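From first to last, the protein sequence lines stand for chains A and B.
Per the numbering used here, the very first residue in the first sequence carries number 1; after that it's consecutive.
Per the numbering used here, the very first residue in the second sequence carries number 114; after that it's consecutive.
Calculated directly from the structure, the hints in this document are not laboratory data.
This one's a predicted model, so the numbers in the text were calculated from it and none came from an experiment.
Hints are supplied without guarantee of correctness; some may be wrong.
Unchecked claim - From the derived model, a few chain B residues whose C-beta atoms are all more than 12 Å from chain A: (1) N144; (2) Q146; (3) Q150; (4) G172; (5) R173; (6) R175; (7) E216; (8) V222.
Said to hold, decoys possible - Listed next, the stretches of chain A that the computed footprint assigns to chain B, with coverage defined by at least 3 CB atoms under 8 Å from CB atoms of chain B: (9) 67 to 77; (10) 99 to 109.
Where is the CB? At the ideal position from N, CA and C, for every residue including glycine.
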Amino acid sequence: DAGVIQSPRHEVTEMGQEVTLRCKPISGHDYLFWYRQTMMRGLELLIYFNNNVPIDDSGMPEDRFSAKMPNASFSTLKIQPSEPRDSAVYFCASTYGPPYEQYFGPGTRLTVT
Amino acid sequence: SQQGEEDPQALSIQEGENATMNCSYKTSINNLQWYRQNSGRGLVHLILIRSNEREKHSGRLRVTLDTSKKSSSLLITASRAADTASYFCATDSNRGSRLTFGEGTQLTVNP
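So that you can see chain A by itself, here it is in the shape it has in the complex (with noise of 0.2 Å):
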């Protein structure tokens, strides 16, 4: 298996711009996880989903920031519009089932200008 796949791996856009990242949990797992990581508030999740039924968004930061997985294959995560302080590393991670273990993709890189 590839692993988590992320796209992209980094992402440059100015302030007021849609951002869209995008993720591919690993095949047969249940669970999908979006975190952010930043230096100052460290690792954070914003939502997950079970069997692609978000369960739990309440790290999700504003309105500003929507999730959806329209399939077992396929995630993504929306920020419009984007603001400097949504400069971040943002992950997504699967496993199949709790509480074990996660598995991280690669990251998106995003800057904010």
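Please build the complex by placing chain B on the supplied structure of chain A, with the hints as guidance.
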């Protein structure tokens, strides 16, 4: 403060020495996990210890868990330069499937 807090924040040792990192948490847990993150990469799972276990080994890794003190430690024996990374503990905190990660310990192993 976060559920998992690592101590120390940074650790620098020489190759061949042992490295010990500690993690404290606040609420009861089912399991505690340790992850490693190399610079610019995603986190990689190292080891999981269940709340009814006290010690677990995996290669050069040794993890202990003391639920009465709500703490865990990760020992890396005979460290190598390749062990240079950030190490995070993560707890499930009886909050379903989510994990809460600590702030991490930055380990530097000097050759």
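Comparing the hints with the structure gives:
1. The claim that N144(B) is not at the interface with chain A is violated, since a C-beta of that chain comes within 12 Å of its own (minimum 5 Å).
2. Here Q146(B) does not stay apart from chain A, with its beta-carbon only about 6 Å from theirs, under the 12 Å limit.
3. Not every beta carbon of chain A lies more than 12 Å from that of Q150(B), the smallest distance being close to 8 Å; the non-interface claim is violated.
4. With a least CB separation of 16 Å from chain A, G172(B) remains clear of the 12 Å interface cut-off, as annotated.
5. The Cβ of R173(B) sits about 18 Å from the closest Cβ of chain A, beyond the 12 Å cut-off, so the non-interface label holds.
6. At roughly 18 Å, the least C-beta separation between R175(B) and chain A is larger than 12 Å, which holds for a residue marked as non-interface.
7. Residue-level check failed: E216(B) sits 5 Å from the nearest beta carbon of chain A, not beyond 12 Å.
8. Every C-beta of chain A lies more than 12 Å from that of V222(B), the closest at about 22 Å, which supports listing it as non-interface.
9. With 0 residues carrying a beta carbon less than 8 Å from a beta carbon of chain B, the region 67 to 77 of chain A misses the three-residue requirement, and the given coverage is violated.
10. Only residues whose beta carbon comes within less than 8 Å of a beta carbon in chain B count, and the region 99 to 109 of chain A has 9; three or more means the coverage holds.
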